[in-house]
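Engineer: So you can see what is in the structure, the chains are spelled out below.
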Amino acid sequence: MSAPDEIRHVEIEAPEVAAARAKVRRRRSIALAIALALFAMTFYALTIIKMGPALFDRAL
Amino acid sequence: MMGEARVEDYLALLKPSVMQLVVFTAVVGLVVAPGTINPIIAVISVLCIAIGAGGSAALNMWFDSDIDAIMSRTANRPIPSGRVSREEALVFGMVLSLFSVALLGLATNWVAGGLLAFTIFFYAVIYTMWLKRRTPQNIVIGGAAGAFPPIVGWAAVTGTVSLESVVLFLIIFLWTPPHFWALALYKQSDYGAAGVPMMPNVVGNASTKRQIFTYTVLLALSAMLPTVLGFAGLAYTSVAVITGGAFMLYAWRLLRTDDDVAMRKTARSLFNYSLSYLFIVFFAFMTDNLLTRFAGFGG
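Line order of the protein sequences matches chains X and Y.
Terminal number for the first sequence in the numbering used here: 114, no gaps in between.
Terminal number for the second sequence in the numbering used here: 369, no gaps in between.
Hints in this document: simulated from the structure, not taken from any laboratory.
Using N, Cα and C, we set each Cβ at its ideal position, and we do this for glycine too.
Each hint should be verified, as a subset may be incorrect.
[What the hints assert, rightly or not] If the Cβ cut is set under 10 Å, some of the chain X residues that face chain Y in the computed set are:
#1 Arg75
#2 Arg79
#3 Arg82
#4 Ile84
#5 Ala85
#6 Ala91
#7 Ala94
#8 Thr96
#9 Phe97
#10 Leu100
#11 Ile103
#12 Lys104
#13 Met105
#14 Phe110
#15 Arg112
[What the hints assert, rightly or not] Listed next, the in silico DMTMM-like pairs over lysine to aspartate or glutamate satisfying Cα-Cα at most 20 Å (straight line):
#16 X:Lys77 with Y:Glu78
#17 X:Lys77 with Y:Asp136
#18 Y:Lys85 with Y:Asp136
#19 Y:Lys257 with Y:Glu78
#20 X:Lys77 with Y:Asp79
#21 Y:Lys257 with Y:Asp138
Okay, chain X solo, but in the shape it has when bound:
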């Protein structure tokens, strides 16, 4: 009796390949996080520079 198609064609990844894949994903996630942080910091700095002291000149 043969296994169903969807089971028969599943490839089991070797542990070292899975580990390498996870490492690449982790590095990519860290790079993305850094890029997003830099983007947010750029907008923050830009807002302060563009608006200057006027940013704080408002009624409390």
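Given the coordinates of chain X, assemble chain Y onto it according to the supplied hints.
Structural biologist: Structure of chain Y alone, referenced to chain X:
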């Protein structure tokens, strides 16, 4: 590992080596422009121009992945080697392009933002999608895309396009044909296999070498325009004369070389020299400008 792109693969999509030239010429445009700019905004502007250039490079690699796979020079790029999918490169390029234009517009002015958007459009659509595979004049017209960065840098400070920035544009525009045709002369089998109609493949080596020499003379003359128009001094003029003369000498040697092996070697020398030439001329222009403005060394 198919489909698992490394961070380095995404960086390679930005064509970092081309980006160096874009950033440098944009910095020169920004520094020599009259007026002042907040240093942090200046850094953000240069970053936007660099990311815009990177975004358009990713779009170029997305569209050209079929011919990149054929040419030895480009076969190991992230898409033909299977490390990044075409869709990923397209989205990456679009996101970088849109964000760089929006950020530059918000940080400086919308003339600079609009010029950056036009530069990206010119490189990705006019050059990559339209001209590159259709005409041997591809890099002559498409060269305008690489010539825009100093205009964008200048506009980031002044909000306008003026004669000085157009002269900087013209120098890069006229530099592009000898630079890329020298590369095409010693890599012509690559271009031929990929079906890209580079000048040597279409009109032959002799005509290409004549055109290289003609453009080199025009380039050397255009590099004298800052002096003629009165916005560069003796320091720049001396550098422009010496480097322009050397460039013409390289082009002349190429023109007089008929032996195929020697011709390829001379073309490679010309290609390498042309890279140094642009850096030296732009650096000299920036230094001369700074000396005149801040140290009182008038031309």
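Engineer: Look at each hint and say if it fits the structure.
Structural biologist: Hints and how they fare:
1. Arg75: holds (5 Å)
2. Arg79: holds (7 Å)
3. Arg82: holds (6 Å)
4. Ile84: Hint holds; isoleucine 84 (chain X) Cβ to chain Y Cβ min 8 Å, cut 10 Å.
5. Ala85: holds (4 Å)
6. Ala91: Hint violated; alanine 91 (chain X) Cβ to chain Y Cβ min 14 Å, cut 10 Å.
7. Ala94: violated (12 Å)
8. Thr96: holds (6 Å)
9. Phe97: holds (8 Å)
10. Leu100: Holds - the Cβ of leucine 100 (chain X) comes within 10 Å of chain Y, reaching about 6 Å at its closest.
11. Ile103: holds (5 Å)
12. Lys104: holds (8 Å)
13. Met105: With a minimum Cβ separation of about 12 Å from chain Y (threshold 10 Å), the hint on methionine 105 (chain X) is violated.
14. Phe110: violated (18 Å)
15. Arg112: violated (21 Å)
16. X:Lys77 with Y:Glu78: holds (13 Å)
17. X:Lys77 with Y:Asp136: violated (30 Å)
18. Y:Lys85 with Y:Asp136: holds (17 Å)
19. Y:Lys257 with Y:Glu78: Distance ~26 Å between lysine 257 (chain Y) and glutamate 78 (chain Y) Cα, so the pair is violated.
20. X:Lys77 with Y:Asp79: Distance of about 15 Å is within 20 Å: holds.
21. Y:Lys257 with Y:Asp138: Holds, at roughly 13 Å.
Of the numbered hints given earlier, the model fails hints 6, 7, 13, 14, 15, 17 and 19; all others are met.
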